[in-house]
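K.L.:
Using the sequences provided together with the hints, build the complete structure.
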Amino acid sequence: MRYFYTILISSLFVLCCMLTSKSEVITLTAETFNDKISEKHTAWFVKFCVPWCKHWHLYTSVKRFSVSLILFFLFFFKSKNLGKLWEDLGKAIEGEDSIEIGEVDCGTTKSICQKVDIHSYPTFKLFYNGEEAAKYQGPRDVESLKLFALEETEKAERKAEGDEDKEL
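If you use mature numbering (1 follows the signal peptide of the UniProt record, and there is no 0), the sequence shown corresponds to residues -23 to -1, 1 to 145, in order.
Warning: the hint list may mix true and false statements.
Each pair of labels, with its calculated beta carbon distance range [what the hints assert, rightly or not]:
{"no.": "1", "residue 1": "G84", "residue 2": "N11", "range": "32 to 40 Å"}
{"no.": "2", "residue 1": "K61", "residue 2": "R135", "range": "15 to 23 Å"}
{"no.": "3", "residue 1": "A137", "residue 2": "A69", "range": "21 to 29 Å"}
Here are the simulated BS3-like cross-link-like pairs (lysine-lysine), alpha carbons at most 25 Å apart as the crow flies [as the list claims (entries may be wrong)]:
{"no.": "4", "residue 1": "K87", "residue 2": "K132"}
{"no.": "5", "residue 1": "K136", "residue 2": "K61"}
{"no.": "6", "residue 1": "K132", "residue 2": "K13"}
{"no.": "7", "residue 1": "K17", "residue 2": "K61"}
{"no.": "8", "residue 1": "K92", "residue 2": "K17"}
{"no.": "9", "residue 1": "K68", "residue 2": "K13"}
{"no.": "10", "residue 1": "K123", "residue 2": "K68"}
{"no.": "11", "residue 1": "K132", "residue 2": "K68"}
{"no.": "12", "residue 1": "K17", "residue 2": "K123"}
{"no.": "13", "residue 1": "K61", "residue 2": "K87"}
{"no.": "14", "residue 1": "K136", "residue 2": "K87"}
{"no.": "15", "residue 1": "K123", "residue 2": "K13"}
{"no.": "16", "residue 1": "K17", "residue 2": "K136"}
{"no.": "17", "residue 1": "K17", "residue 2": "K112"}
{"no.": "18", "residue 1": "K132", "residue 2": "K17"}
{"no.": "19", "residue 1": "K112", "residue 2": "K132"}
{"no.": "20", "residue 1": "K112", "residue 2": "K61"}
{"no.": "21", "residue 1": "K112", "residue 2": "K136"}
{"no.": "22", "residue 1": "K13", "residue 2": "K112"}
{"no.": "23", "residue 1": "K112", "residue 2": "K92"}
{"no.": "24", "residue 1": "K123", "residue 2": "K136"}
{"no.": "25", "residue 1": "K112", "residue 2": "K87"}
{"no.": "26", "residue 1": "K13", "residue 2": "K87"}
Keep in mind that the hints were calculated from the coordinates and are not lab data. Source: prediction; values computed, not measured. Note that the Cβ used here is the ideal one computed from N, Cα and C, for glycine as well.
P.N.:
As structure tokens, then:
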């Protein structure tokens, strides 16, 4: 019984630490979206999703207990939940000065999603200097997403430098 309490308290401590850790993902709203993606020399890799999207939340039509049990196991074992994936990407990109990770809830911010032509969920787009630079359609793992963001940001930076040189 003593081990049970030790494991329980340790698990609660780890859970509290995980829930209070700072997220590197910035939620973009109708008020902040245009200003943020228009920042000079900054790429924004943005996930567009809706609350009812099966990839965002792992809800099923089974009984509440089953859902709780599934979520419990998925919490402690690596899952493909896009919320966690996006947070992990935010942490992986944290040291990159020219890339920010954002997310838009298309359920509450429909005007943004219509403006940037979002028709399916989730959709991942990279913006640079206020313009869409690329749309991601590859594997959904942190390394692939990070590699895409780094490569496309580099391309967008080179293109922007070329455009600035033409203006001079």
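K.L.:
Would you mind marking each hint as holding or not holding in the structure?
P.N.:
Results for each hint:
no.	hint	in the structure
1	G84 - N11: 32 to 40 Å	violated, 19 Å
2	K61 - R135: 15 to 23 Å	violated, 32 Å
3	A137 - A69: 21 to 29 Å	holds, 24 Å
4	K87 - K132	violated, 29 Å
5	K136 - K61	violated, 32 Å
6	K132 - K13	holds, 20 Å
7	K17 - K61	violated, 28 Å
8	K92 - K17	holds, 20 Å
9	K68 - K13	holds, 19 Å
10	K123 - K68	holds, 10 Å
11	K132 - K68	holds, 22 Å
12	K17 - K123	holds, 21 Å
13	K61 - K87	holds, 23 Å
14	K136 - K87	violated, 30 Å
15	K123 - K13	holds, 20 Å
16	K17 - K136	holds, 13 Å
17	K17 - K112	holds, 20 Å
18	K132 - K17	holds, 15 Å
19	K112 - K132	holds, 13 Å
20	K112 - K61	holds, 20 Å
21	K112 - K136	holds, 16 Å
22	K13 - K112	holds, 18 Å
23	K112 - K92	holds, 15 Å
24	K123 - K136	holds, 20 Å
25	K112 - K87	holds, 19 Å
26	K13 - K87	holds, 17 Å
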